[in-house]
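Enquirer: I would like the entire structure built from these sequences, with the hints used as guidance.
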Amino acid sequence: MPKVIVRTTIPFLLFLLPLYSISQKTLQPGFNPGEYADLLQLNFVAIGDTLPMQHEYVLGNGIYKKIFRSPEVGLYNRCELFTRDGNTVVISLRGTIAKSGSWLENFYMAMVPANGSLQLNDSSRFDYRLASDSGAFVHTGWLLGLASLSAYIDKNLGPLLAQGITDIIVMGHSQGGVLAFLTTSYLWYKYHEKFPSMRLKTYASAAPKPGNLNYAYDFDFITRNGFGFRIVNQADWVPESPVSIQTVQDFNSVNPITDAKTTLRKQKFLSRIALVHVYNKLDRKTYKSMKNFRKYMGGAVGKQVNKTLPEFVAPEYAYSMNYMTAGSPVILKADNAYYDQFKFDGKNIFIHHLIKPYLYLLQQHYPYK
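Each residue of the sequence shown is one higher than the one before, counting from 1166 in this note's numbering.
In case anyone wonders, no lab produced these hints; they're calculated from the structure.
Hints are not guaranteed to be accurate.
Said to hold, decoys possible - Simulated pairs of lysine-lysine, DSS-like, Cα-Cα distance not exceeding 27 Å: (1) K1320 to K1355; (2) K1472 to K1456; (3) K1472 to K1498; (4) K1460 to K1264; (5) K1264 to K1512.
Quantities reported herein were computed from a predicted structural model and do not represent experimental measurements.
Expert: Below, the structure is given as structure tokens:
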């Protein structure tokens, strides 16, 4: 008599997705719209349900068994782990929720080095490596989110890796999407050497910019050949954040701009005076803007973070605000039909950021069965 498995298909109110035939597949490179649609449902629906652990969700691209849900930690972060068809781990990272601490994490946007440590409380320190480049910087608030979840991810992922389940999908939407970038980097540098067969695939949906250009280069390199994606609704403003300020110090060390004064001094006297004046004025403006953002979105916001996490020790912030996007872009282009359906009424500023418009445009541009 065949084994009976109790399964549930997620009751998704926005779209009814037909079931694919389920087959045992290893993790494949490339953007898979059906796979992404599954992950969105898990990220929006499963993460808030009351079903028990070991419950199975039958979706279009596989059978997903929920094996872990973290408590709310840090600034109201939460993650879940699933296995898909018994051979792939899915890490789903929750986005911003309607609590001030969760929003505070987004505004804590001063940069810190992508390699270092955070003192979370009197007895817990998070040592991390997110890039091989010492010039890579990341967002402090989202690093704190990763730090808060890391122990739970490690505790549940480690045994699966040891069992030989080394295909991992990391997924999130909005704040969860940017955490997906950092989580992927963290897992790569922590586990890849020990488990060389480990493969990470990232779907960063509606994600803000995670760090500077050096970090983006590093992320794109470790997920090269079709394993790291950022999915963006063209009409969505969230992926355009945080504010980015590039100063001359943000360029590679070999460039004609950082030491432009040396070149300018070789010009004729009057030209030299005028050009050096303009250069100084432009350089000082951007550098002053960067320092102001560092001061207020680092020091000032950090004091607010301490009201929620009183034992957290604020790190030394980098002198940079050069935020850049990461991941291979999957652009969901909005057209007139889209804007007719998803109308901005002057108040609904997240109209283009939610799951329904993303799935609508996904079906328009990347139709899946």
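Enquirer: With the threshold set at 27 Å, check whether the alpha-carbon distance from K1320 to K1355 stays at or below it.
Expert: 13 Å, holds
Enquirer: When you check the alpha-carbon spacing of K1460 and K1264, does it fall within 27 Å?
Expert: 24 Å, holds
Enquirer: Does the structure keep K1264 and K1512 at a Cα separation of 27 Å or less?
Expert: Within the cut-off at roughly 19 Å; holds.
Enquirer: Between K1472 and K1456, is the straight-line Cα distance small enough, at 27 Å or below?
Expert: Measuring from Cα to Cα gives roughly 24 Å; hence the hint holds.
Enquirer: Holds or violated: K1472 and K1498, Cα atoms, limit 27 Å.
Expert: Outside the cut-off at roughly 41 Å; violated.
Violation of the numbered hints given earlier is confined to hint 3; every other hint is satisfied by the structure.
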